[in-house]
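Asker: First to last, the protein sequences are chains S and Z.
Start counting the first sequence at 1; every next residue gets the next number (this note's numbering).
Start counting the second sequence at 1; every next residue gets the next number (this note's numbering).
Any given hint could be a false lead.
To be verified - Distance condition first, Cα-Cα at most 25 Å in a straight line; then the derived DMTMM-like pairs of lysine to aspartate or glutamate: (1) Z:K39 x S:D116; (2) Z:K86 x Z:E274; (3) Z:K86 x S:E104; (4) Z:K223 x Z:D123; (5) Z:K40 x Z:E79; (6) Z:K40 x S:E202; (7) Z:K223 x S:E202; (8) Z:K40 x Z:E274; (9) Z:K57 x S:E191; (10) Z:K321 x S:E93; (11) Z:K321 x S:E104; (12) Z:K39 x S:E93; (13) Z:K299 x Z:E79; (14) Z:K40 x S:D128; (15) S:K146 x Z:E79; (16) S:K145 x Z:E247; (17) Z:K86 x S:D199; (18) S:K113 x Z:D58; (19) S:K145 x Z:D123; (20) Z:K57 x S:D170.
To be verified - A few chain Z residues facing chain S, derived, Cβ under 8 Å: (21) M1; (22) K39; (23) T43; (24) D50; (25) P55; (26) A100; (27) Y143; (28) S234; (29) F237; (30) Q254; (31) S255.
In short, the hints are calculated from the structure, not lab data.
A virtual CB, placed ideally from N, CA and C, is assigned to each residue, including glycine.
Residue-level listing of the chains:
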Amino acid sequence: MQADSTLYIYFPAPGKKCNLETHTSTMHTEEQNNSQQESRRNFIKKSTALAALAAASPIIVKAAENDEKIASYFEKIPLMLEINGKPYSLSIEPRTTLLDLLREQIGLTGTKKGCDHGQCGCCTVHVDGRRINSCLSLAVTNHGKKITTIEGLANGDKLHPMQEAFMKHDGFQCGYCTPGQIMSAIGCIREGHANSPEDIREYMSGNICRCGAYPNIVDAIFEVKNGGQAV
Amino acid sequence: MINFEYTRASTVKSATEARIKHKTSQFIAGGTNLVDLMKKGVTAPERLIDINTLPLKDVRSDATGVSIGALVPNSVAAEHELIQSKYPLLAMALNAGASAQLRNMATVGGNMMQRTRCPYFYDITMPCNKRNPGSGCGALEGYNRMHALFGASDQCIAVHPSDMCVALAALNAAVHVSSGTKERKIPFADFHRLPGDTPELDNNLQTGELITAVHLPVNNFNKAYYLKIRDRLSYAFALVSVAISLEVKNGIIQSAGIAMGGVAHKPWRLHEVEKFLTGKSLSKELFTEAAAIAMNGAKTYQHNAFKIKLGKAAIIEALTKATS
Numbered sequence: 001m002q003a004d005s006t007l008y009i010y011f012p013a014p015g016k017k018c019n020l021e022t023h024t025s026t027m028h029t030e031e032q033n034n035s036q037q038e039s040r041r042n043f044i045k046k047s048t049a050l051a052a053l054a055a056a057s058p059i060i061v062k063a064a065e066n067d068e069k070i071a072s073y074f075e076k077i078p079l080m081l082e083i084n085g086k087p088y089s090l091s092i093e094p095r096t097t098l099l100d101l102l103r104e105q106i107g108l109t110g111t112k113k114g115c116d117h118g119q120c121g122c123c124t125v126h127v128d129g130r131r132i133n134s135c136l137s138l139a140v141t142n143h144g145k146k147i148t149t150i151e152g153l154a155n156g157d158k159l160h161p162m163q164e165a166f167m168k169h170d171g172f173q174c175g176y177c178t179p180g181q182i183m184s185a186i187g188c189i190r191e192g193h194a195n196s197p198e199d200i201r202e203y204m205s206g207n208i209c210r211c212g213a214y215p216n217i218v219d220a221i222f223e224v225k226n227g228g229q230a231v
Numbered sequence: 001m002i003n004f005e006y007t008r009a010s011t012v013k014s015a016t017e018a019r020i021k022h023k024t025s026q027f028i029a030g031g032t033n034l035v036d037l038m039k040k041g042v043t044a045p046e047r048l049i050d051i052n053t054l055p056l057k058d059v060r061s062d063a064t065g066v067s068i069g070a071l072v073p074n075s076v077a078a079e080h081e082l083i084q085s086k087y088p089l090l091a092m093a094l095n096a097g098a099s100a101q102l103r104n105m106a107t108v109g110g111n112m113m114q115r116t117r118c119p120y121f122y123d124i125t126m127p128c129n130k131r132n133p134g135s136g137c138g139a140l141e142g143y144n145r146m147h148a149l150f151g152a153s154d155q156c157i158a159v160h161p162s163d164m165c166v167a168l169a170a171l172n173a174a175v176h177v178s179s180g181t182k183e184r185k186i187p188f189a190d191f192h193r194l195p196g197d198t199p200e201l202d203n204n205l206q207t208g209e210l211i212t213a214v215h216l217p218v219n220n221f222n223k224a225y226y227l228k229i230r231d232r233l234s235y236a237f238a239l240v241s242v243a244i245s246l247e248v249k250n251g252i253i254q255s256a257g258i259a260m261g262g263v264a265h266k267p268w269r270l271h272e273v274e275k276f277l278t279g280k281s282l283s284k285e286l287f288t289e290a291a292a293i294a295m296n297g298a299k300t301y302q303h304n305a306f307k308i309k310l311g312k313a314a315i316i317e318a319l320t321k322a323t324s
C-alpha cells in the first residue's frame, strides 16, 4: 500500500453515478489486476441475476454500457492482516466489519456476533494487543495490523491461563459470551485494571453475560492476575 | 450497511480536499459511532475518508499547556501521565465513558463528533429534525426521560452524550481544526451548538475542516471530580453528569470551572455557579445554594422532571467529593 500519496479506491454505492476520475487508482499491483479480472468474471456470472434490476434502474443500465466502470461495482479492496500469527492477503468490500471478515471469510467462528452494535462485547478481539469490539471496526481500517482471536490464545494443546481459569471457576453457562469475555479479561489484566474485584467489574463492563456468570468470571480473572502468569 | 467508496488519506490536506470534493463524504477514525449509525441506516455517506494513518497521535506539553492529537484513543489519553497529573478531571471523565474496548477504539476527535443517543434519532421510522430536518421531533411529546433541561428548542430536545467533552468544557479547552490550507482554534464553548432551528448541525465546523488536536491550557485548579449518574453503575450514558475543577486556597475557592453533561445539546457550562462560588469558603450550605443556582431556568418535559432534583444532588455530591 502506498504511503506517500492519497489512495483512491473506486467503489461506488449502488445507484450512485460512476465517476471516472477516481477510477485512476495509483495502486495497480498484479494482485489487484487479478482481483479486478476476478471481479469482472464475477460480474458476468452475476449479471444474469442483475438483468431484472438493470431493466428497472436507469443508472445501472447507463453503467452497463461501459464494462470497465460497472466491473468496479464488484471491486474489492486488498487488505493485509496478521491473524493469530499467520499473514493473510485478503480482498474485501469496504463495508465488511472485522467481525464479519473473521467469521464469514476466514472461518474463525470463535469470535461471536451478539448485538453487532458494540453493546455486548461478544465480538472482542485484540488488535495490536489491545481489546476492541470487532463488530464496530471496518476491516479495511485495520490494514497491516495484528489480530488475535480466541483461536490464537492456546499454545498447541496447552490452553491459555485465562481459558484454564474460566474452566476452573465455571466462568460461563451457555458459553456464547465466553470468547469475548476471555479476550476482554486478558486486556483487563494487561491494562492494569484487575487489581480488585471492583476494578475488574468496572473494566469488564463492556462484556455482558446473559447467564449471569459474573461472580465466577471475576474470580477467574482475579486468580490469573494474582497468579502472576504472563497474559 | 449501504456500500460506500473508500479513501485512505495520508495527509491532513488530502483528507480535507477529499472531504470538500465529495459532498456526502465523512471522515472515519475509530468508527465506534459512525459504523453503528451506518448499520442502522441513520447515515449513509457515499464515501468514507479513512484518517487513521494521519500523524495526529501525540500528546504534547509546552508552556501553554497540553495538546492531545485528534487520533489519540480515549484510553491512551485517559492513562497518559500528563493527563493524569495535570488534568485528572479529563482522565476521570474519559474513564466514565463507554467500555474499555470502545475507549481503545474511539479517538479524542471522534468523541467530540459523536451524535446524540436520542432514541428518536436512532430509529429511522420515527420523526427527527436532527436526522431528517423538517420531519418533527419525536421526543418532544414522546419518551423524553433522557432529554435536555437547558438550551433546547421546539425542533430538538436531544442531549450531547459525551463525558470527555463535559470535562473539556470545564477546563477551557480549545479545538484545533485544519481545512488543509488554513488552521484555526475554536474555544470549546463555541465548538458544539444549541439546536435552535438547525438541529441537524451538532457543531460549528465548516465543511472540510478536520479536528487535529484539542488543547488544554495551563490552570491553577487543584481540586477535580467527575460524577456521572446513570441507570447502571457502568457502561451507560449519563442521566446527568458534573465536571468540577476548583482552585482552593485555605478553604476559599479562588476560581472554578464547572460543567454538566446529559442536560443540553452541548456540554453545559455553569458560569453563574462558578461566579457564585468564587471567593467563598467551602461549606455544605454553599454547595446547596450553588446547586439551586445551577438549575435556574431548567425546562422539563413529561418524563425528565426528575433530572432537576438529581442534578442538584449531583452537584452537591461532586463539589463535596472534589473538596474532601
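Asker: Which numbered conditions among the earlier hints are violated in the structure presented, ordered from lowest to highest?
Answerer: The structure breaks hints 3, 4, 5, 6, 8, 10, 11, 13, 14, 16, 18, 19, 20, 23, 25, 27, 29, 30 and 31; every other hint is satisfied.
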